[in-house]
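Asks: Chain by chain, the residues run as shown.
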Amino acid sequence: MVHSIKISCSKSSLKDVREFAEKVLANYEISDVDKNLIVVALDEVCANIIIHSHQCDEKDHITVQIREEENILEFSIIDQGETFNISEYTVPSLDALIKDKKAGGIGLILVKKIMDQIKIEKQDGFNVCRMYKSLIF
Amino acid sequence: MELTTFNEEKYHIIAIDGELDASSALKLDDTIEQAIQQGQKSLLFDCEKLHYISSPGIGVFTSRIDDHEQNKISLVLYGMNDKVFNVFKILGLDKILPIVNSKAEAKKLIDGALNKD
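In order, the protein sequences belong to chains A and B. Take the first sequence: its letter number 9 is residue 9 in this note's numbering, and every next letter is one higher. Each number in this note's numbering corresponds to the 1-based position in the second sequence with 1000 added.
It is possible that part of the hints are untrue.
[To be verified] The list that follows gives simulated cross-link-like pairs (lysine to aspartate or glutamate, EDC-like), each with its CA atoms no further than 20 Å apart:
1. B/K1089 to A/D32
2. B/K1049 to A/D95
3. B/K1041 to B/D1067
4. B/K1083 to B/E1033
5. A/K35 to B/E1019
6. A/K99 to B/D1067
7. B/K1072 to B/E1009
8. B/K1083 to A/E19
9. A/K113 to A/D124
10. B/K1083 to A/D16
11. B/K1095 to B/E1033
12. B/K1083 to A/E29
13. A/K99 to B/D1029
14. B/K1089 to A/D16
15. A/K112 to B/E1033
16. B/K1107 to B/E1019
17. B/K1095 to B/D1066
18. B/K1027 to A/D32
19. A/K11 to B/E1002
20. A/K99 to B/E1009
21. B/K1049 to A/E29
22. B/K1095 to A/D95
Bear in mind the hints are in silico, worked out from the structure with no lab data behind them.
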C-alpha cells in the first residue's frame, strides 16, 4: 500500500508532512527516537525542495509517498522544480559548517546519516527523490 | 512555536515551546540576537517543551559558536527530551554544544565557565 500526501510549497506545509509520516510510521515497530529521525530526514528533503527548488512558491506542489516492501521503507518526494541531486552532493564536514557560520548544510548531513540509500530519478518530467530505510535496526 | 524570555539573577532564559523547524527558526534567531544586543552574557535555553527540531533550528545554535566564544557569551541548553537530543547526538553536537539535563546544571555550568575566565 502506498501512502501519499500532496502539499503546497510553503514552509508551513512541513508540519503536514511530519504529521503524515508519523501517522504512517505508527504502523511499524520503530522506537520513538528512530521514528523521529526518519521524520527529520523527510522534513529536511522536503524543506530543501520547497526552499531551493520552488523558492517557497505556494502555487507549486510536491507529493510525498511512503510504502514498505520486505521490511524496507521507501520514501518518494516528487516535484517539478529545479533538480537538486542530493545523492551527488558532497556533504561538508560539521566543523567546516560551524567555522563558516553556515546554518545550511546540516540538513543534508542528517539525511545522509539517517537514511540507508538515496537516489534521484527523472520520471515523466518529474523529479523523484527516493530514500530507503531498513526496518531492521 | 512560542518563545518565553525572562531573567533569573544573571541568567537570561529563553524557553522554547513547540517545534523548531524551517518555518520557526528565524524567530529564535531574532530572539537570541535581541538578547545579545541587550548585553546578555549567560543564555540558558529551556528545551523541556521543545517537541521537535530539524536543521534550521540546530543551525541557530551552531552558527553562533565562534561568535559566542569571541564575545564571551555562554550558552547552555537544558531539559531536552530523548527525541530532540538524538538529533543533536547523531550529528556529534552533543560533544560540541553544552547540553545538560536541568536548569540547575545549566546554571552551574555557566558559573564554572565564568570562574574560569
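Asks: Now tell me if each hint is right for this structure.
Replies: Going through the hints against the structure:
The straight-line distance between the Cα atoms of B/K1089 and A/D32 is roughly 15 Å, inside the 20 Å bound, and the hint therefore holds. As the CA atoms of B/K1049 and A/D95 are separated by approximately 28 Å, the hinted pair breaks the 20 Å bound. For the given pair, B/K1041 sits about 12 Å from B/D1067 by alpha-carbon distance, which is consistent with the 20 Å threshold. Using a Cα cut-off of 20 Å, the hinted pair B/K1083 and B/E1033 is violated, with the two alpha carbons roughly 27 Å apart.
With a C-alpha separation of about 16 Å, the suggested pairing of A/K35 with B/E1019 holds against the 20 Å cut-off. Proximity of A/K99 to B/D1067 is assessed by CA-CA distance (about 10 Å); at most 20 Å being required, the pair is judged to hold. Taken as a hint, the B/K1072 and B/E1009 pair is honoured in the structure, with Cα atoms around 18 Å apart against an allowance of 20 Å. Of the supplied pair hints, the one linking B/K1083 and A/E19 holds, its CA atoms being roughly 15 Å apart against a limit of 20 Å.
Between the alpha carbons of A/K113 and A/D124 the distance comes to roughly 30 Å, so the proposed pair goes past 20 Å and is violated. Straight-line distance between C-alpha atoms of B/K1083 and A/D16 comes to about 19 Å, which keeps the hinted pair within the 20 Å bound. The hinted pair formed by B/K1095 and B/E1033 fails the criterion: a straight-line CA distance of about 24 Å is larger than 20 Å. A hinted pair counts as satisfied when its Cα atoms are at most 20 Å apart, and B/K1083 with A/E29 qualifies at roughly 16 Å.
Straight-line distance between C-alpha atoms of A/K99 and B/D1029 comes to about 18 Å, which keeps the hinted pair within the 20 Å bound. Between the alpha carbons of B/K1089 and A/D16 the distance comes to roughly 25 Å, so the proposed pair goes past 20 Å and is violated. Pair hint A/K112 plus B/E1033 does not hold up; C-alpha atoms about 31 Å apart against a cutoff of 20 Å. The suggested pairing of B/K1107 with B/E1019 is violated, with an alpha-carbon distance near 24 Å, which exceeds 20 Å.
This hinted pair checks out: B/K1095 and B/D1066 have alpha carbons roughly 15 Å apart, not beyond 20 Å. A distance of roughly 27 Å separates the Cα atoms of B/K1027 and A/D32; the hinted pair therefore is violated under the 20 Å criterion. Between the alpha carbons of A/K11 and B/E1002 the distance comes to roughly 17 Å, so the proposed pair stays at or under 20 Å and holds. Restraint check for A/K99 and B/E1009: not satisfied, since their Cα atoms lie roughly 32 Å apart, outside the 20 Å limit.
The hinted pair formed by B/K1049 and A/E29 fails the criterion: a straight-line CA distance of about 25 Å is larger than 20 Å. Of the supplied pair hints, the one linking B/K1095 and A/D95 holds, its CA atoms being roughly 12 Å apart against a limit of 20 Å.
This entry does not satisfy hints 2, 4, 9, 11, 14, 15, 16, 18, 20 and 21, going by the numbered hints stated previously.
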